[in-house]
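Colleague: These are the residues of each chain, in order.
There are 2 protein chains.
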Amino acid sequence: MEKRNNRKWTLASRPVGMPKQSDFRLVELPALAPHDGEMLVHALYVSVDPYMRGRMNDAKSYAAPVEIGGVMVGGVVGEVVQSNNPRFAVGEIVQGEFGWQEYTVTNGKGARKVDPGLAPISTALGVLGMPGLTAYFGLLDIGKPQSGETVVVSGAAGAVGSIVGQIAKIKGCRAVGIAGSDDKVCYVVNELGFDGAFNYRSTKNYVEKLKELCPKGIDVYFDNVGGTITDAVIPLLNPRARLSICGQISQYNVKESEVGPRWLWALIVKQARAEGFLVFQFADRFQEAAEEMAGWIKQGKLKYREDIVEGFENLPRAFIGMLGGDNTGKRLVKVGDASG
Amino acid sequence: MEKRNNRKWTLASRPVGMPKQSDFRLVELPALAPHDGEMLVHALYVSVDPYMRGRMNDAKSYAAPVEIGGVMVGGVVGEVVQSNNPRFAVGEIVQGEFGWQEYTVTNGKGARKVDPGLAPISTALGVLGMPGLTAYFGLLDIGKPQSGETVVVSGAAGAVGSIVGQIAKIKGCRAVGIAGSDDKVCYVVNELGFDGAFNYRSTKNYVEKLKELCPKGIDVYFDNVGGTITDAVIPLLNPRARLSICGQISQYNVKESEVGPRWLWALIVKQARAEGFLVFQFADRFQEAAEEMAGWIKQGKLKYREDIVEGFENLPRAFIGMLGGDNTGKRLVKVGDASG
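Protein chains in written order, with the numbering used here: chain F, 1 to 340; chain E, 1 to 340.
Please keep in mind that the hints were generated in silico from the structure rather than gathered at the bench.
Honestly, I wouldn't trust all of these hints.
Copies of the same chain look alike in the list, so a pair counts if it fits in one copy or across any two.
Here are the simulated SDA-like pairs of lysine to any residue, each with C-alpha atoms no more than 25 Å apart in a straight line [stated by the list, open to error]:
| # | residue 1 | residue 2 |
| --- | --- | --- |
| 1 | 144 | 36 |
| 2 | 216 | 284 |
| 3 | 209 | 256 |
| 4 | 298 | 55 |
| 5 | 298 | 236 |
| 6 | 211 | 54 |
| 7 | 334 | 146 |
| 8 | 255 | 227 |
| 9 | 216 | 17 |
| 10 | 144 | 269 |
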C-alpha cells in the first residue's frame, strides 16, 4: 500500500471581519488507514460556501463552530481509494461533509454515492447538491411562488441565487435578480433567462430600480444578502408577500453589528411573512428534489455555471474571494484527479 | 322629532411624532336624518386604539389615511335612535366603524348587533371586539402555540396583550409579559395569571430579564411594541420560533425612521418566522372566535379590564395618553348614555 500524506486546512485564528489567509493553516500529516467498516476517500472537489464564515466564529448557532486547530468544514466530492465498508467500493465517487482535506477516513455515515453518468460529479456540490437544494426548498417551500407573481433574488449570480431565479421562471413567475457586477447581471439575464436584474454596486437608488423592474410589486423575495439590499425590497412588497431568508452575506464579515431601518411594521401593513430556513430541515426530500432538478437540467430549463479554482493550496483564497463576490456561479476548488 | 346636534372630532393637521391636542378639531353640526334603508346611531362608547395613529399619516397603507378635515376613524358602540332599516330597530345596540362622532347615519353595512345579555356592551370594542379578535387570531393562527411552549407578549397590559397572555395560559403555555409600569406587571401576573412579567421602563438588561423569566427560551413572541423590546427577544428564540407581528407602537410616533440592529440572520439560524397580520384577514371566523372567548369569560378563564375615560370632549386626550401607555386594559371613551 502506497504511503499517502494528507494535507488539510485548519482554522488558525478566528477572523475579525473578512477572513485573511493567515486565519488558516496548512497542515500535512500521514493519512490515516481505514479500520473495519471504514473507507479512505480522496478529495477531488472541495466546496467553499458562505455559511462557512459563520462556522469560523465562536458563537452558539445551529451547528458547532470549527475549533481552533480543527479542519475547516465543507462538502467534498471524492473517490473511494480504500474500503473496508461493504457499502462502498474502491473507485466509486462519493459526496460528504469531509472538510478541507485531501484524504478522509469515514464510516460512510452521511455520505452519498454520486452517479457520474447523471451529470458531472462536481454538480454534487452545486446544482444537484446543497446549494441547489437550498434554492429549491427555500423558494418552493418557504417562498411558495404562484404563477404570475414576481420573485426577486439577491446574490442572483451565486450558487443558490442563480438556481432560484430559474426555478421561479419554471414556475411561471417574473424573476428579477440583484447582483454585484455588470457581468453577473448580463449572465443571469442573457444566459439564465431572468426577466431583469441590476448591479447593486453601480445603482444608486435600489428602490427606484426595483420599481422599474417589478412593475407589479414583489411577491416573493429570496434573500441571500441582507443589509441595504433587503431594505430596498421592503417598500415594494405586495400584500401577503413571503420573504425567504436564506443568507445574509453582507453581514457575515462586519466587525460590529450593523444597524438598519426598522421595518417590522411593514410586515403588518403588508400581512407579510419573513421566514428563515436551513436546508437540512428538508433532508427527507433531498432525493426527490435532486431528481426533479436533474430532469430540468436535461430539458435545458435549468442551467448552471461552475467557478472552479485549481489547487488545494488555493482553498482559503477561493473562499475569501467568494465572500467578496468574485465568483459567478458555484465556487469550487479542484484538489485532485480521479484515478480512472 | 327632536333636533340633534352632532359633535365630531376631525383631523386638523397631520402629527409629527406624538399627536398633540391641536392636531384634532371639534366640530359641531346638526345631525343628519336617516333616509330609506338607513338608521341614526347615537354613540355610547368610542374606541381609541394604536392603529389610529397610522391612519393620521398621509402614507399608503392597508387602509386609506384620514383626510384633513375628515372625522377620525374608530369603532363605536351605540344605540339605534331612529331607523328606516328593517334589520335594525330603535333601542338596539350596534357596533360599527362610525368614527369619533356622537351621531352617525348608516345603512348598517358592516355594523353588527350587540347582545347586552351576553356581556357589558362596551366589550364589543374590547375583549369581544377587534382587540380580542386580534389577540385570538394573532396568537392562535399566526403564533400557533403548543402546550408547554413559552409565549412572550409585549404591551402585555394593553387591550390586545392582556388577552394574548391569558389565551396562552388556556392553551397550556408559559406566558410572560412585558409592560410599562410596576402596576401593569402586577396586574398581568396577579390578576390575569401570567407566569411572569417585567417593567421595561425600570429594567436595564431586557435580555437577562427574559432569560430569567423564560428558562426554556421563547417559542412564540407576540409583538405589539417593536423597537428595543423586540430586539431583546431575538437572542432567546428557540428553533422554529414564531413571531406574530401585531403592532409596533414604539415606532408610530418617531419623527425619523428609527434604526436598530439587523437580526434577519437570527431567523436563519433559528429557522424562525416573523409574520405580520391584520385582524380583517380572519373576518369569516370572527363569530366563532367571539363565541369561544365569551365562553372563556363565563368560565372565569379570561378576564378583562376596561380603562374608561368619560366625555366626548376627552377623546384626543384619551388617545394621546394611550399612545404613551397610560392605560391598563382596553381604553374606551364613554360619550353617551343609553336611553333605556
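Colleague: If a hint holds in the structure, say so; if it doesn't, say that too.
Modeller: For each hint, the structure was consulted:
1. 144 / 36: For residue 144 and residue 36, the Cα distance exceeds 25 Å both inside one copy (46 Å) and across copies (48 Å).
2. 216 / 284: Answer is neither; intra-copy 36 Å and inter-copy 28 Å both fail.
3. 209 / 256: between (29 Å within a copy, 24 Å between copies)
4. 298 / 55: neither (35 Å within a copy, 53 Å between copies)
5. 298 / 236: Neither way: residue 298 and residue 236 sit 35 Å apart in one copy and 45 Å across, limit 25 Å.
6. 211 / 54: between (33 Å within a copy, 24 Å between copies)
7. 334 / 146: Answer is neither: 38 Å inside a copy and 48 Å across each miss the 25 Å cutoff.
8. 255 / 227: both (14 Å within a copy, 22 Å between copies)
9. 216 / 17: neither (38 Å within a copy, 32 Å between copies)
10. 144 / 269: For residue 144 and residue 269, the Cα distance is within 25 Å both inside one copy (20 Å) and across copies (20 Å).
Checked against the numbered hints given earlier, the structure breaks hints 1, 2, 4, 5, 7 and 9 and satisfies all the rest.
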